[in-house]
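Sequences and hints are given; from them, build the entire structure.
Number of protein chains: 2
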Amino acid sequence: MLYQHGTLGTLMAGLLEGTATIDEILEHGDLGIGTLTGSDGEVIILDGKAYHANEHGEFKVLSGKEYTPFATVTPFQVDTHFDVRNITDDEALLDKIQHDALSNNIFIAVKITGKFETMHVRMMPKQEKPYTKLIESAKRQPEYVREQVHGTVVGFYSPQLFHGIAAGGFHLHFVDEDRTFGGHVLDFEMNSGSVELSNIETLEQHFPVNNQAFLDTDIDYSTIDEDIKEAE
Amino acid sequence: MLYQHGTLGTLMAGLLEGTATIDEILEHGDLGIGTLTGSDGEVIILDGKAYHANEHGEFKVLSGKEYTPFATVTPFQVDTHFDVRNITDDEALLDKIQHDALSNNIFIAVKITGKFETMHVRMMPKQEKPYTKLIESAKRQPEYVREQVHGTVVGFYSPQLFHGIAAGGFHLHFVDEDRTFGGHVLDFEMNSGSVELSNIETLEQHFPVNNQAFLDTDIDYSTIDEDIKEAE
Ligand SMILES: [Zn+2]
Ligand SMILES: [Zn+2]
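Those protein sequence lines, which keep their order, are chains A and B. Just so you know, full-length UniProt numbering puts the end of the first sequence at 232, numbered straight through with nothing missing. Just so you know, full-length UniProt numbering puts the end of the second sequence at 232, numbered straight through with nothing missing.
Warning: the hint list may mix true and false statements.
[What the hints assert, rightly or not] According to the in silico footprint, chain A covers these stretches of chain B (three or more CB under 8 Å from chain A):
no.: 1; segment: 49 to 58
no.: 2; segment: 156 to 167
no.: 3; segment: 213 to 222
Hints are computed from structural coordinates only; laboratory data are not their basis. Just so it is clear, the structure is predicted and the values come from calculations on it, not from any experiment. Positions of the beta carbon are idealized from the N, C-alpha and C atoms, including for glycine.
Structure (C-alpha cells):
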C-alpha cells in the first residue's frame, strides 16, 4: 500500500499550505518523501523517522508537528533485492530496478543503501504567502553535490498514467548515513551497496478536505506536464 | 472512501480481461459502476446488489462470480441532498450537484432517484479475444431511450486531474425501478425525485497485480484523452 496526501498537480498549481502533520503521514508508513508548508525543502522518511533538508543546506530531524501539503509514504516491505558491486550510474541502476520490479504499470517503492561516488541533489526554496505556481520557486532551487558519501536513497516509481498525481517515473530523495545532509535526487553514481524494492498493489490517495483553499480553487492543470518536467 | 479496481486508461488500451470478481468489488461498497470481461456491457451497483445491462438490451442480476476489469464502488453515505420538483435536464442537475458538493477538486458519489421524462443510455458491446482498444468496440455501441421511466442514476464525479484514471467529470449508470433496464447514461430529463451526494476524502486505487497481461503490457496512453472523449 502506498499512501499519498495531496497531489503533485495541486502542489505545482501553488496550493502550498500544509494540510496534514508529519505525524499523520507517519501513521501510514515508514519510508517516503514529501515537502513542508510553502513547499519548503525536501522531506525524507526512512525507518519511520522524518528528516528535512532546506534550501540553505541545513538538515534536521522533524518533530512530527510540522505540516505538509504533499507527502507519499509506504509501510516498506521488501519484495526483491540485489547488490551493487561496481560503480553504476543512476540510469543503469534505475533501469535494473524497473526490470526487476513486478511491472512498469504499478507503483514501486525503492530503497537504495550504500556508498555513493557522487550524489547530486536540490532543495526546493520555501515560498511565503501569497503562494505562486511552484515553477516560480523551482527556478531558483539550489543544487548540491557530495562525493564519496554513505547514505540511503528512498522514493517511488509511478506509472505514466499517474503523471500529474505523482511524478511519472522515479521520484527519489537522499539522506546521508550521518543524518547531516539530504535532498531531492537529481543524479548519482553508486559505488556499492544494496537495492530493495517493494511492488505496490494499492494507492490510497487522500485529499485535504479540510483546507478551504484546496476546496475552493479552480485549478488550471493545462501546463502541468511542462511544469513538472521543468521543476523536477 | 472510493474503491476502484483497474483504471479507465488501461481499459481504453484494450486490457479487457476481468481481474476481480463482482463479489470482491462488493466488499468495498454498495453503490457503483463497472463493466465485465471483454468490456461487456454496463454494471450498475445499487444498495449492495450488482446488475448488468448488455448490448442487446438484456438486463439481469449478477451472481457475484463474474469478473470485471474495471469497477468503482463506494460505501454510500449521504452528505447532501436536494429534491427535484420540476422538469430538469441533466446539465442543470449536474451543475447543481457540482455546486452543492464540497469541492470540484475531490471525487463525489451521486445517487439520483425518481421519475425520468427521458433516459438515454448505451451499452458497450462485448469484445472477444484478441482484445483491441476499447474505441473499436465503442464505435458500434447501441443506444436506447426510455420515456417516463422510474429508476436510479448512480455514479461518480472525478476531478480533472484524475482524467485517464477515471473519466474526468461525471460517469453515471442507470437502473430502472423494476430492474429490467439500464445502461451507461448519455443524457436524461428528470421529472421529479431526489438527489443524494457523498463527498469522497480518499481514493483507494487497486491494481490487478495477478494479471500477467496487465503486468507485462507496455501501455500507450498517448491517445487516451481523445479515446475517452470519443468512447464515453
Ligand atoms: Zn522531491
Ligand atoms: Zn459507463
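Do the hints match the structure? See the list:
1. Beta-carbon proximity to chain A at under 8 Å applies to 0 residues in the segment 49 to 58 of chain B; the threshold of 3 is not reached and the given coverage is violated.
2. With 5 residues bearing a CB less than 8 Å from a CB of chain A, the segment 156 to 167 of chain B meets the requirement of three and the coverage assertion stands.
3. Coverage of a stretch by a chain is defined here by at least three residues with a beta carbon nearer than 8 Å to that chain's beta carbons; for the segment 213 to 222 of chain B and chain A the count is 7, and the condition holds.
The structure does not agree with numbered hint 1 stated previously, though it agrees with all others.
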